[in-house]
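Protein chains: 4
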Amino acid sequence: MGQTVSHVGFIGLGNMGRGMAANLLRAGFRVSVWNRTPSRAADLVAAGATLAPSIADAARADAVATMVADDKALEEIVWTHGLLDALPRGGIHLSHSTISVALADRLAAAHAERGSTLVSAPVFGRPEAAAAAKLFVVAAGAGDAIDRCQPILDAVGQRTFRFGDRPSCANVVKLSGNFLIASMIESLGEAFALVRKSGIDPRQYLELLTGTLFNAPIYKTYGGIIAEERYRPAGFRLPLGLKDVTLALDAARAALVPMPLASLVRDHMIAGLAQGFEDADWSAVAALAAKSAGLEP
Amino acid sequence: MGQTVSHVGFIGLGNMGRGMAANLLRAGFRVSVWNRTPSRAADLVAAGATLAPSIADAARADAVATMVADDKALEEIVWTHGLLDALPRGGIHLSHSTISVALADRLAAAHAERGSTLVSAPVFGRPEAAAAAKLFVVAAGAGDAIDRCQPILDAVGQRTFRFGDRPSCANVVKLSGNFLIASMIESLGEAFALVRKSGIDPRQYLELLTGTLFNAPIYKTYGGIIAEERYRPAGFRLPLGLKDVTLALDAARAALVPMPLASLVRDHMIAGLAQGFEDADWSAVAALAAKSAGLEP
Amino acid sequence: MGQTVSHVGFIGLGNMGRGMAANLLRAGFRVSVWNRTPSRAADLVAAGATLAPSIADAARADAVATMVADDKALEEIVWTHGLLDALPRGGIHLSHSTISVALADRLAAAHAERGSTLVSAPVFGRPEAAAAAKLFVVAAGAGDAIDRCQPILDAVGQRTFRFGDRPSCANVVKLSGNFLIASMIESLGEAFALVRKSGIDPRQYLELLTGTLFNAPIYKTYGGIIAEERYRPAGFRLPLGLKDVTLALDAARAALVPMPLASLVRDHMIAGLAQGFEDADWSAVAALAAKSAGLEP
Amino acid sequence: MGQTVSHVGFIGLGNMGRGMAANLLRAGFRVSVWNRTPSRAADLVAAGATLAPSIADAARADAVATMVADDKALEEIVWTHGLLDALPRGGIHLSHSTISVALADRLAAAHAERGSTLVSAPVFGRPEAAAAAKLFVVAAGAGDAIDRCQPILDAVGQRTFRFGDRPSCANVVKLSGNFLIASMIESLGEAFALVRKSGIDPRQYLELLTGTLFNAPIYKTYGGIIAEERYRPAGFRLPLGLKDVTLALDAARAALVPMPLASLVRDHMIAGLAQGFEDADWSAVAALAAKSAGLEP
Numbered sequence: 010m011g012q013t014v015s016h017v018g019f020i021g022l023g024n025m026g027r028g029m030a031a032n033l034l035r036a037g038f039r040v041s042v043w044n045r046t047p048s049r050a051a052d053l054v055a056a057g058a059t060l061a062p063s064i065a066d067a068a069r070a071d072a073v074a075t076m077v078a079d080d081k082a083l084e085e086i087v088w089t090h091g092l093l094d095a096l097p098r099g100g101i102h103l104s105h106s107t108i109s110v111a112l113a114d115r116l117a118a119a120h121a122e123r124g125s126t127l128v129s130a131p132v133f134g135r136p137e138a139a140a141a142a143k144l145f146v147v148a149a150g151a152g153d154a155i156d157r158c159q160p161i162l163d164a165v166g167q168r169t170f171r172f173g174d175r176p177s178c179a180n181v182v183k184l185s186g187n188f189l190i191a192s193m194i195e196s197l198g199e200a201f202a203l204v205r206k207s208g209i210d211p212r213q214y215l216e217l218l219t220g221t222l223f224n225a226p227i228y229k230t231y232g233g234i235i236a237e238e239r240y241r242p243a244g245f246r247l248p249l250g251l252k253d254v255t256l257a258l259d260a261a262r263a264a265l266v267p268m269p270l271a272s273l274v275r276d277h278m279i280a281g282l283a284q285g286f287e288d289a290d291w292s293a294v295a296a297l298a299a300k301s302a303g304l305e306p
Numbered sequence: 010m011g012q013t014v015s016h017v018g019f020i021g022l023g024n025m026g027r028g029m030a031a032n033l034l035r036a037g038f039r040v041s042v043w044n045r046t047p048s049r050a051a052d053l054v055a056a057g058a059t060l061a062p063s064i065a066d067a068a069r070a071d072a073v074a075t076m077v078a079d080d081k082a083l084e085e086i087v088w089t090h091g092l093l094d095a096l097p098r099g100g101i102h103l104s105h106s107t108i109s110v111a112l113a114d115r116l117a118a119a120h121a122e123r124g125s126t127l128v129s130a131p132v133f134g135r136p137e138a139a140a141a142a143k144l145f146v147v148a149a150g151a152g153d154a155i156d157r158c159q160p161i162l163d164a165v166g167q168r169t170f171r172f173g174d175r176p177s178c179a180n181v182v183k184l185s186g187n188f189l190i191a192s193m194i195e196s197l198g199e200a201f202a203l204v205r206k207s208g209i210d211p212r213q214y215l216e217l218l219t220g221t222l223f224n225a226p227i228y229k230t231y232g233g234i235i236a237e238e239r240y241r242p243a244g245f246r247l248p249l250g251l252k253d254v255t256l257a258l259d260a261a262r263a264a265l266v267p268m269p270l271a272s273l274v275r276d277h278m279i280a281g282l283a284q285g286f287e288d289a290d291w292s293a294v295a296a297l298a299a300k301s302a303g304l305e306p
Numbered sequence: 010m011g012q013t014v015s016h017v018g019f020i021g022l023g024n025m026g027r028g029m030a031a032n033l034l035r036a037g038f039r040v041s042v043w044n045r046t047p048s049r050a051a052d053l054v055a056a057g058a059t060l061a062p063s064i065a066d067a068a069r070a071d072a073v074a075t076m077v078a079d080d081k082a083l084e085e086i087v088w089t090h091g092l093l094d095a096l097p098r099g100g101i102h103l104s105h106s107t108i109s110v111a112l113a114d115r116l117a118a119a120h121a122e123r124g125s126t127l128v129s130a131p132v133f134g135r136p137e138a139a140a141a142a143k144l145f146v147v148a149a150g151a152g153d154a155i156d157r158c159q160p161i162l163d164a165v166g167q168r169t170f171r172f173g174d175r176p177s178c179a180n181v182v183k184l185s186g187n188f189l190i191a192s193m194i195e196s197l198g199e200a201f202a203l204v205r206k207s208g209i210d211p212r213q214y215l216e217l218l219t220g221t222l223f224n225a226p227i228y229k230t231y232g233g234i235i236a237e238e239r240y241r242p243a244g245f246r247l248p249l250g251l252k253d254v255t256l257a258l259d260a261a262r263a264a265l266v267p268m269p270l271a272s273l274v275r276d277h278m279i280a281g282l283a284q285g286f287e288d289a290d291w292s293a294v295a296a297l298a299a300k301s302a303g304l305e306p
Numbered sequence: 010m011g012q013t014v015s016h017v018g019f020i021g022l023g024n025m026g027r028g029m030a031a032n033l034l035r036a037g038f039r040v041s042v043w044n045r046t047p048s049r050a051a052d053l054v055a056a057g058a059t060l061a062p063s064i065a066d067a068a069r070a071d072a073v074a075t076m077v078a079d080d081k082a083l084e085e086i087v088w089t090h091g092l093l094d095a096l097p098r099g100g101i102h103l104s105h106s107t108i109s110v111a112l113a114d115r116l117a118a119a120h121a122e123r124g125s126t127l128v129s130a131p132v133f134g135r136p137e138a139a140a141a142a143k144l145f146v147v148a149a150g151a152g153d154a155i156d157r158c159q160p161i162l163d164a165v166g167q168r169t170f171r172f173g174d175r176p177s178c179a180n181v182v183k184l185s186g187n188f189l190i191a192s193m194i195e196s197l198g199e200a201f202a203l204v205r206k207s208g209i210d211p212r213q214y215l216e217l218l219t220g221t222l223f224n225a226p227i228y229k230t231y232g233g234i235i236a237e238e239r240y241r242p243a244g245f246r247l248p249l250g251l252k253d254v255t256l257a258l259d260a261a262r263a264a265l266v267p268m269p270l271a272s273l274v275r276d277h278m279i280a281g282l283a284q285g286f287e288d289a290d291w292s293a294v295a296a297l298a299a300k301s302a303g304l305e306p
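Respectively, the protein sequence lines represent chains A, B, C and D. The numbers in this note's numbering rise by one with no breaks, and the one at position 117 of the first sequence is 126. The numbers in this note's numbering rise by one with no breaks, and the one at position 198 of the second sequence is 207. The numbers in this note's numbering rise by one with no breaks, and the one at position 24 of the third sequence is 33. The numbers in this note's numbering rise by one with no breaks, and the one at position 263 of the fourth sequence is 272.
Read the hints as simulated data drawn from the structure, not as lab findings. Be a bit skeptical, because a hint or two may be false.
[Said to hold, decoys possible] Here are the simulated EDC-like pairs of lysine to aspartate or glutamate, each with C-alpha atoms no more than 20 angstroms apart in a straight line:
(1) Lys-206(B) <-> Asp-259(A)
(2) Lys-81(A) <-> Asp-259(D)
(3) Lys-252(A) <-> Glu-287(A)
(4) Lys-206(C) <-> Asp-114(D)
(5) Lys-206(C) <-> Asp-259(D)
(6) Lys-252(B) <-> Asp-259(C)
(7) Lys-229(C) <-> Asp-210(C)
(8) Lys-252(D) <-> Glu-85(D)
(9) Lys-143(B) <-> Glu-216(A)
(10) Lys-206(B) <-> Asp-114(A)
(11) Lys-81(C) <-> Glu-216(B)
(12) Lys-143(A) <-> Glu-216(B)
(13) Lys-252(C) <-> Asp-288(C)
(14) Lys-81(B) <-> Asp-52(B)
(15) Lys-206(A) <-> Glu-287(C)
(16) Lys-206(A) <-> Glu-287(A)
(17) Lys-206(D) <-> Asp-174(C)
Note that this is a predicted model, so its numbers are computed, not measured.
Taking the hints into account, I'd like the entire structure generated from these sequences.
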């Protein structure tokens, strides 16, 4: 059984990471932070964090958390910039990023070889939820390592769901969750195109949906965007959505699972990028459905 | 302005219709019922309903409600068996069935020509909701006619959503709603196939979904069926689901709206019928996704 | 065994029918023609045809051929305007139109009941092929009836393919053939969009395709239209293509055969109609693929 | 202007490569061969080839041709095992393999940096065509480099199609060509499922197709396999087909081109692998269509 985690490195201070690191400080952890653009760490340093001069320095801790954009960014941090070598034996790498299942598997093996441990812990929630410590955490990895990290997870999220001891299972769950959201967007896009062309008021239609069968917050959020055609500014940009659906399809191919709906959504996302929605929210897939039906924005 | 509706004819005493007619009796309406198999009316007659000897007799009322299986059944009732001729001038036909947009339009025109009025009022909810007067009603048609029917709608449902004065708009809304449910089933089917083949426990996965982003009753209902592969007995049979998605596609074609996700779901429903799921719940579309991935039931 | 067919009624003098009727005259048949717009029969009358004053008059022959636009047109001719009643017992109805499998089955039953016979004989080929007697004929129905019609089929086509004694099988073959052409168009549309956006000359690409693996005339015809974006004037209009793919899907649904590629093409055809390609050739499905990829026409 | 190519290295002696190398010998080139399993080179050595002890040795030539299974194999040959370093300045790398567009671009840049040149020259044709020097060659790269290689290309193929000076364009053409074949297989699979379930003889149906509109050899080859359900032994295995369609989709994503039909075929290929067709021909996608329709093999 490992010891208590008190010193945490935190790498990646984007919109999500900053809120999470701030919550670790609030919860009493000693936190060393690192970011590619160090200026983004100012608030955290003012709140008590140490600015690590390098990734390796940030990784010399009981646990090091990473929250970065994609596989490439994480690979560079781990292999090129030395996280893997700097993390002490017995240390834990807590990976919050939405990365591929294949990378999670490779990373788990690399840590095992060096005597450290990977806990994969991607999260559901937008930046506001990260700031408010209201994230949902999906965790997988060695049980005792997750136990040791639980205080960290409790500090950043409202609830942790555990999915066994293979770290990449957490990534499968995260990616499939994003696929479900993307599918919901596609279905709403097609339904709103139909009701609009039938002369029905989209706001009334949304009220019906969210007042009856589909009364989940996510339908309200995305249904509202679609009913009002408010695709900019983006909450979660279309290229990121495409990245995640592509990662879900990659995982599905490896597991030999056909996912025709994921493929359909992916094609519409690509069409969206080809047609000028690169800066829009991923729900702009619904704008494509409207355009395809000849509706003017 | 028409008079108060006190005498209601009710045609179609299936699992939905019987609960609805019983609630009309409870609410104090005078009710004449008709069903192809008259024995199904016994309980209602015992509770105070009159058994109409013919459809025409049932239609000699202030309003006549119909709740039947499909377009063909309604066409026979209205044209072949005389509902249209028997309904008095100024009378209202309250159509609760899930029928095509095209039929709703034809029916509205036929009533207008004879001085009667169509109110299209399809409902969302299963038989238990019908029995408990908890249906959601989607109503469209002339405003004063809906006003006159409102006491009826209040007696059978928990809430009425109005969609303007073109009756068929209510059918567009109903069909698009069923399309959204079918899409949700397809997306869950693919996601569960992926998590299952990745070695993740489907019940835990469901708990995550319904405990976080997708905490709507409908996700619990269908997610539960899919996680436990409990496709029989059917709550809503696959052939009926195929009928509804096909009607949504028919409406979409008429309105020139491509609905590729509806097409995808329809193909999987047809595959389901071809592979022995005719008696299963329409959520068996998820069983197809599992089978397609090589999973054993 | 029936007698020789010498007197033929011919109903439907569109671009296809006129060429076919002219070839019957050339082959020595006595031909009575009927068309909704009688003026279109002038050339044929000059060439020796009799102008029938009514459909019933045209149907009083050894065999009556029909070549009309769709199910509705044929239903009116057969039932409303009396072809069925006027055709003598032992007479043959030679149906060349591209109609639904369901209508072919209904028609076969109606003829059988009255002592006449349906031979379903849809054709492959464009108006020029009809004029040149170069059509390919797909025939199904009672063997002796087809034998009796063979001189007619020989007069209008270059070859007849027989598909057994159930007339509607010929319609399945015809509709599936048009589905194959539509699929080829879709695949070419996507491939050309990819090569264009990759900076490759579409004409050179077409030369490769038709010079190697895909050296069939149909690839040359449609590949040429797509490479040059020559979608107008239409050889076969998009709404007709949509009609045929929809009929193929209707037949597939009845036979419980999922056809996801047919569904995909159908959705693109609907998008085409919604986006202004109603007057274009059905190969404009390829224009949609280009537009979807952000290419300018 | 470079000098004449007389000495050629040839790496990769699979079913395709052996036939190609043999034809180079026949044409009078001096050929050094290398293969992972050297015993496969025996016949070629007997015919006059030199067995190179290493990849680097094979690459010390005027031009080095590679014909290997996939990106990974080529990357190892080029970077890990030294082809890039060994090829003399002014030398040509003639890449015949079906590789990704991204790898072709990377490879072109790497050669340019070192003073050598990439000519990308994938081929269409099966092993028998390779043995008979009947391949179709698709070539792209610097014009003078292709000119210098033309005698090599003439020795292995019946015709060369040039696609400009960006090498990866040849790969786009090759991958899109394989996508067209895969699409044709899918469309035939669906059409045959429909005709079979309609009671039509598949061989007669094939005779119609290949005797009329679709009289290209490729329809005969694949139509024959599908009509007779002869998916084993494989001419081109399903996993290779999946690889190629996936590469086409990767290229399409990079170019921002949605290819929904490619996605559909890919899903069916994955389903095929999940359902036991790993050792079957890629046309087993048609077997999936039949299975999906409930047909027994």
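Structure-based check of all given hints:
1. Lys-206(B) <-> Asp-259(A): 14 angstroms, holds
2. Lys-81(A) <-> Asp-259(D): 17 angstroms, holds
3. Lys-252(A) <-> Glu-287(A): 12 angstroms, holds
4. Lys-206(C) <-> Asp-114(D): 16 angstroms, holds
5. Lys-206(C) <-> Asp-259(D): Roughly 14 angstroms separates the two Cα atoms, so the pair holds.
6. Lys-252(B) <-> Asp-259(C): Holds. Lys-252(B) to Asp-259(C) sits at ~12 angstroms (cutoff 20 angstroms).
7. Lys-229(C) <-> Asp-210(C): 16 angstroms, holds
8. Lys-252(D) <-> Glu-85(D): 18 angstroms, holds
9. Lys-143(B) <-> Glu-216(A): 17 angstroms, holds
10. Lys-206(B) <-> Asp-114(A): 16 angstroms, holds
11. Lys-81(C) <-> Glu-216(B): 53 angstroms, violated
12. Lys-143(A) <-> Glu-216(B): 17 angstroms, holds
13. Lys-252(C) <-> Asp-288(C): Holds, at roughly 14 angstroms.
14. Lys-81(B) <-> Asp-52(B): The given pair, whose Cα atoms are some 27 angstroms apart, is violated under the 20 angstroms limit.
15. Lys-206(A) <-> Glu-287(C): 18 angstroms, holds
16. Lys-206(A) <-> Glu-287(A): 26 angstroms, violated
17. Lys-206(D) <-> Asp-174(C): Answer holds: Lys-206(D) to Asp-174(C) is near 16 angstroms, not above 20 angstroms.
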